[in-house]
Structure formats: C-alpha cells, structure tokens
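Trainee: Chains as they are written, first to last, in my numbering: chain A, 1439 to 1570; chain B, 5 to 305.
Treat the hints as calculated values from the structure; they're not laboratory data. Glycine included, C-beta positions come from ideal geometry on N, C-alpha and C. One or more of the hints may lead you astray.
[To be verified] Partial list, derived from the structure: chain B residues whose beta carbon lies under 8 angstroms from chain A:
(1) Arg217
(2) Asp244
(3) Ala245
(4) Leu248
[Stated by the list, open to error] Computed cross-link-like contacts, DMTMM-like style, restricted to lysine to aspartate or glutamate with a CA-CA straight-line distance of at most 25 angstroms:
(5) B/Lys275 <-> A/Asp1547
(6) B/Lys129 <-> B/Asp198
(7) B/Lys275 <-> B/Glu207
(8) B/Lys219 <-> B/Glu290
(9) B/Lys219 <-> A/Asp1465
(10) B/Lys275 <-> A/Asp1527
(11) B/Lys129 <-> B/Asp142
(12) B/Lys129 <-> B/Glu110
(13) B/Lys275 <-> B/Glu287
(14) B/Lys219 <-> B/Asp281
(15) B/Lys275 <-> B/Glu261
(16) B/Lys44 <-> B/Glu99
(17) B/Lys275 <-> B/Asp172
(18) B/Lys275 <-> A/Asp1498
(19) B/Lys275 <-> A/Glu1510
(20) B/Lys129 <-> B/Glu40
(21) B/Lys219 <-> A/Asp1495
(22) B/Lys44 <-> B/Asp55
(23) B/Lys219 <-> B/Glu287
(24) B/Lys129 <-> B/Glu162
(25) B/Lys219 <-> A/Asp1527
(26) B/Lys275 <-> B/Glu300
(27) B/Lys44 <-> B/Glu164
(28) B/Lys219 <-> A/Asp1464
[Claimed, not checked] Pulled from the structure, derived: some chain A residues nowhere near chain B, Cβ distances all over 12 angstroms:
(29) Ala1444
(30) Ser1477
(31) Glu1510
(32) Gly1523
(33) Gln1525
(34) Met1532
(35) Gln1534
(36) Thr1538
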Amino acid sequence: MSTGPALVSILRQGSYLIASINTALDDSQMLRFQEDLISQIGQHRSRGVVIDVAALDVLDSFGSRTLRNIAEMARLRGALTVIVGIQPDVAFAMVQLGMTTGAVHTALDLEEGLAYLNTNCAKQVRSVRDGQ
Amino acid sequence: MDDDGMVAREVSADFPSLDRRDEDQLLPQLVAHLREHRTKLRQEWASRIQDAHLLHAMTPQEMAAETTSVYDNYVEVLETGSVEALQHYARDLSERIIPRGVETHEVVGIVLLLRDVLARSLFEKYQRDFALLNRVLDAYEPAANRIANTVAVSFVDERERVIRQQQDSIRELSTPVLPVRERLLILPIIGVLDSERARQLTEQLLAGIRTHRAKVVVIDITGAPDVDEAVANHLVQTVDASRLMGASVIITGLSPEIAQTLVTIGVDLSKMNTIGDLQGGLEEAERLLGYRVTREEGTSS
C-alpha cells in the first residue's frame, strides 16, 4: 500500500465528509483513497460522504468499481455516499462501456450532492429515533 | 510555351513517336483559332444549349453572360493547361446556380456541348489535312476532357457542400433541448432517429443538463415514427448517463407500435420511467420537483 502523501483531500463538513479527486489516480492510489476515506468515516462518525469527480476526464472500470465499493463500505459503516460532478463525456463513456455506479446515488455537483444528503440522512436519523 | 508542358506531355505519353516541337506549336494555333471565331462559336453553342432545353432556369441575358465567361475560361485552360482558375470559376458559378435548381446533367451537358462545338469547328478547319487533324484532336481531346471533368467535379463538390451544410442545420434544429421550468428540461424528438442523430441528441442533452442544472428531463418521442433496437439501446444509455449526472429521465409518447416493437425485440426498459403522453410526463416531472400548479377559479380557459 502506498505510504506517500494523500492525493485526495478529504474535508469534514459537519457530519459529512467531502472528498475531491483532483487528478487521475492509478490503481494503488485509488485503493489508498479508499482506505483513508473508510477510516475517516469512523473517526468523524460521518453520516454522509460526497465524492467529487468533476476534475476527472477519464474514469476507468477499476475506478468506477472502487467508487462503488467505497459506497458499499461506507454504507456498512453507517454513511450514505453520493458521487457528484461526473462530466457529460465521462458519463456517456461509462454507460457505453457498461460501467455503472450501481445503487450509488449520483448528483450534478457538490451543492446537489449535499442537498441529497440533507434530505436522505435526516430521514435516517429520524427513523432511528422514532423506532426507539 | 512552357505552360503547355502538362498537356503536351500527356499527349506525347500516348504517342511517343510524335515530334515534340510540332506538338508545342499545335495548341497555341488552336487557341488562336478559337479566339478568332469566338463570337460565332459562342453563339452556336448558346443556340445548341437552347435546342437541348438546358438551363431554362436562366434568362437569355444571364445565359449570354455565363456562356461568354465559360467560353473564355475554356479557351484559357486550353492555352495555359492550368485548371485552377477554371476550378475557381466553376465553384463560383455552381454557388450561384445551385439555389436556382440547375441540375448536374445540365451543367455537364453544356460543357460537353461546348466541347462538341469546338471540336466540330476544328474539324472543319483542318479537314483537308487528315494527319494534321488527327494531331490537333490528340492535343485538344485530353485537355477538353480534363476541363469537362473539372467542371463536373467542382459542381458536384459544391452541391455536396450545400447538402452537408443543410444536413448540419437540420440536425441542429431537430434536437432542441428546452428548459420549461427551473431544473426541468424537455427534449421533443421529431422525425427518424438514426444512430448519428441519437449520438448528437445524447451529447446535447448531457450538455443541457449541465448548463441548466436540470434534475428532471422529459424526452418526448411522439414525433418519432419508428425506433429500432440500436436506437432503443442508445436511449437506455442516454437515460443511464443522465442519471450519472444526477438527472432522472421520463420518457413519454411511446406509440402502441413502438411499445410493441420494444417489448418484442426485448430491450430492457425496466429502468426507464415511461408515461403515456407529454402532459402526463410534465405533471410527473413537476411532482418530482415539488411544483404544484393550481388554476385560479373563475378564469376562463
């Protein structure tokens, strides 16, 4: 596992984490990002994660699978994930190559992603309270 | 005459035994003859055009002007052996006459008529000396063929350019992406969807989603007469790509025929949100976006 400086900034914003991928990542960097993010969800007790890929003009199959995995892992750790900022070209290329983000929600940009989390995470909290 | 080099070379390649010096003298002679009888030959040509019922989209005055300049260009090419000026002129002429409905066969026809008129006149002049006539025609024919070829190609090129331009503008017009409410786009599809148009449609839609920050898109295919498997799959891909950009897509106006086709060919539409007509689609989209449209009581409709 690579031990160099982290290439993806992961910022805490209230109960959410915001991860912006600013440059194309190779496979080991992608895994490093996955590890960092999943551990930070636990540290900050985050309820939601926004992964911003607006700066990427290419997303390969490994990348999209890792994003899907991250979302699934985050769900297991109690956080809802939304991927934002997929470029039009990237979106169409992904679909043509049969790559999907699976059940992960996608939104236009950071603002939309946060709005989605606000709507859906609040529900989660309330339902827990109602249940008890 | 250095300028005649090309024509002369062509001829001497066909008849290597001919004397080069003699050949070099022939074309200038020809050209001088054609210049001398310019008016007579041009008038004969014009009357042949009229007899053949060509170019009736043009008035007699225009025809006179055009035939004069075509004639001069023709002779000039014979003289210099360079078709560049003619090419330019032919393209310019095509640009002017194509919008008036002049057909390819008319343009080729008039050039071949001119070629014929000039050949006949040469025939008449040199008929006493058969060997000389033969060599004159050897010099004249390849050049004349090249001219006919150049004019026809320029005309067809220009025509194709016009067609391409029109196709482009039809495509531009035919896939409008229209914002109807904040964050709601509609995309009416009118006419046959081929794969090129489907590709362009996707491109425009995805760009539109980004510029208008759309959350819901209604694609209305009432105006599409037919959908085949490739286009249906492309639509599915477009829907998926839009979802990746955070917009959900509603498809409306599937005709009974298209619905049956899609189910029969087995396109997987389970992920597609479809609603009967555009009105229903817009209402559903408004519901998704949280709009409530109310009608004031007492307003006449």
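Trainee: Hey, lysine 44 of chain B versus glutamate 164 of chain B, does the alpha-carbon distance stay inside 25 angstroms?
Mentor: Answer violated: lysine 44 of chain B to glutamate 164 of chain B is near 35 angstroms, above 25 angstroms.
Trainee: Below or equal to 25 angstroms on CA atoms is what counts here, so check lysine 275 of chain B against aspartate 1498 of chain A.
Mentor: holds, 24 angstroms
Trainee: Regarding the pair lysine 275 of chain B and glutamate 300 of chain B, is the alpha-carbon distance no greater than 25 angstroms?
Mentor: violated, 37 angstroms
Trainee: Is the Cα-Cα distance between lysine 275 of chain B and glutamate 1510 of chain A 25 angstroms or less?
Mentor: Measuring from Cα to Cα gives roughly 21 angstroms; hence the hint holds.
Trainee: Classify the hint on alanine 245 of chain B as holds or violated, based on whether any CB of chain A lies nearer than 8 angstroms to its CB.
Mentor: holds, 4 angstroms
Trainee: When you check the alpha-carbon spacing of lysine 275 of chain B and glutamate 287 of chain B, does it fall within 25 angstroms?
Mentor: holds, 20 angstroms
Trainee: Compare the distance between the alpha carbons of lysine 219 of chain B and aspartate 1527 of chain A with 25 angstroms, and conclude whether the hinted pair is satisfied.
Mentor: holds, 18 angstroms
Trainee: Decide, holds or violated, for the assertion that all CB atoms of chain B are farther than 12 angstroms from the CB of glutamine 1525 of chain A.
Mentor: Violated: least Cβ distance 8 angstroms, not greater than 12 angstroms.
Trainee: For alanine 1444 of chain A, is the shortest beta carbon distance to chain B beyond 12 angstroms?
Mentor: holds, 26 angstroms
Trainee: Would you check whether arginine 217 of chain B satisfies its interface hint, that is, whether its CB is within less than 8 angstroms of any CB in chain A?
Mentor: Check passed: Cβ of arginine 217 of chain B comes within 6 angstroms of chain A, closer than 8 angstroms.
Trainee: Going by Cβ atoms, does glutamate 1510 of chain A stay more than 12 angstroms from chain B at every point?
Mentor: Its Cβ never comes within 12 angstroms of chain B, the nearest being 17 angstroms, so this holds.
Trainee: Would the non-interface assignment of glycine 1523 of chain A survive a Cβ cutoff of 12 angstroms against chain B?
Mentor: At about 9 angstroms from chain B, glycine 1523 of chain A fails to clear the 12 angstroms cut-off, so the statement is violated.
Hints 6, 9, 12, 16, 17, 24, 26, 27, 28, 32, 33, 34, 35, 36, counting from the list given before, are not met by this structure.
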